[in-house]
Amino acid sequence: MHRLVPADAGAASATGDTQGAGGGRLRALRRHVDATSRLPLTLWEGRDAEHLGRWLREHPGVEVACRDGSLTYRQGITAGAPDAVQVSDRFHLWQGLSRRVQDIASAHRNCLPAALPQVSETDPASVEETAENATADTRAGRHARRLFEAVQALTRTGRSHSSVARELGLNRRTVSKYARAGTWQEVMRRPPRKPSTLDPYLNYLQQRWDEGQHSAKILHEELQSKGYLGHYQRVKMAVAPLRRGLPLDEPRERPPSPRETARWITTHPHRHSPHINHRLPRLLDHCPELRTTHHLVRRFAAMLDNRDATPLPEWLDDLANSGLAPLAGLAGALREDRHAVTQGITTLYNSGVNEGRIRDVKLRKRLMAGRAGVSLLRHRVVLIAHLRRRYADRPAVSPR
16 MHRLVPADAG AASATGDTQG AGGGRLRALR RHVDATSRLP LTLWEGRDAE
66 HLGRWLREHP GVEVACRDGS LTYRQGITAG APDAVQVSDR FHLWQGLSRR
116 VQDIASAHRN CLPAALPQVS ETDPASVEET AENATADTRA GRHARRLFEA
166 VQALTRTGRS HSSVARELGL NRRTVSKYAR AGTWQEVMRR PPRKPSTLDP
216 YLNYLQQRWD EGQHSAKILH EELQSKGYLG HYQRVKMAVA PLRRGLPLDE
266 PRERPPSPRE TARWITTHPH RHSPHINHRL PRLLDHCPEL RTTHHLVRRF
316 AAMLDNRDAT PLPEWLDDLA NSGLAPLAGL AGALREDRHA VTQGITTLYN
366 SGVNEGRIRD VKLRKRLMAG RAGVSLLRHR VVLIAHLRRR YADRPAVSPR
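This note's numbering puts the last residue of the sequence shown at 415; the count rises by one with no breaks.
Keep in mind the hints are simulated off the structure, nothing from the lab. Backbone N, C-alpha and C fix where the C-beta goes; we use that ideal spot for every residue, glycine too.
Derived DEER-like restraints, expressed as beta-carbon distance ranges:
id, residue 1, residue 2, range
1, Ala122, Ala155, 24 to 30 Å
2, Ala316, Arg353, 16 to 22 Å
3, Arg181, Thr57, 51 to 57 Å
4, Thr212, Ala129, 29 to 35 Å
Take the sequences, apply the hints, and build the full model.
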């Protein structure tokens, strides 16, 4: 039985060009690997279904072809080896789902701060309200509020972000940021400050302030006696919010990014750290869309773990009816490739054999410094792989 694994020669070759012979460009190199012997079969430039189909017809005998979800590979294998069983690679299936999860997290980025614990368990609302009132009195706060009101008023009429940007003389990204925001305070949120050597002493500063000691110089001297090695100015800046009736500028944790949120959702619960175990449930309780996404992801993970595709049709229906556009689009794509997806879930075939070959192709390209075309690169990749196997299989000869 011949098992074929067609794949790209790596993301880097698709995004970063390599100089070829005569000043040409080598873009998106493709290669085929025999999944049984784990040796490369051929290498060429471009992504062409007709080329793949012709190569398969010239090399009959392929019974299993493992690939990603590319329509090009699907058409090429169907044309060149119609009797071969096509297998959708498990890694690419999971990667495609993970990308959709990240798209959903990006669309609901306003929910992501809900993953963080409240700053104060005593009266967080009053602290937040005090900080917002202080921000509103600043020049930047008044500017942000005016922009927010102007952008929201225009976008509510159905105008595009580009049109609003032209009228207000703003960058389109700025308009998009103000249009997505629920309140003007959201665009005023400062990024969390970096950790400081003063952080371990903040509780002591608050305690001494409450006791009536409001001199930054004396507080600095007291902290020095406790081991603080920082400058007086840092202490002076730290107690400045207390003079305005605000809380200390304590380190604030950054909300998870959409990419990090997607990683939380797609990681197996047993591999979650305590940090994630505290924050993910809080986020899912706050955002029904992410909670639905998490449930669907875990169901698909169970299919992969158990190698059982029986729940696949029902899962695809739930994906399509989830009300989430990225998942609905994925459901349509997987339905079109349902037989290969089923094989990917239930069989042991995968494209893992390609990963080592990706590094080998990149190494050869760098060693050749772009001075040769695809033909020479193909010979070097295939020939060197077979030579390595031949010498590795030779019995060791002891010296006499």
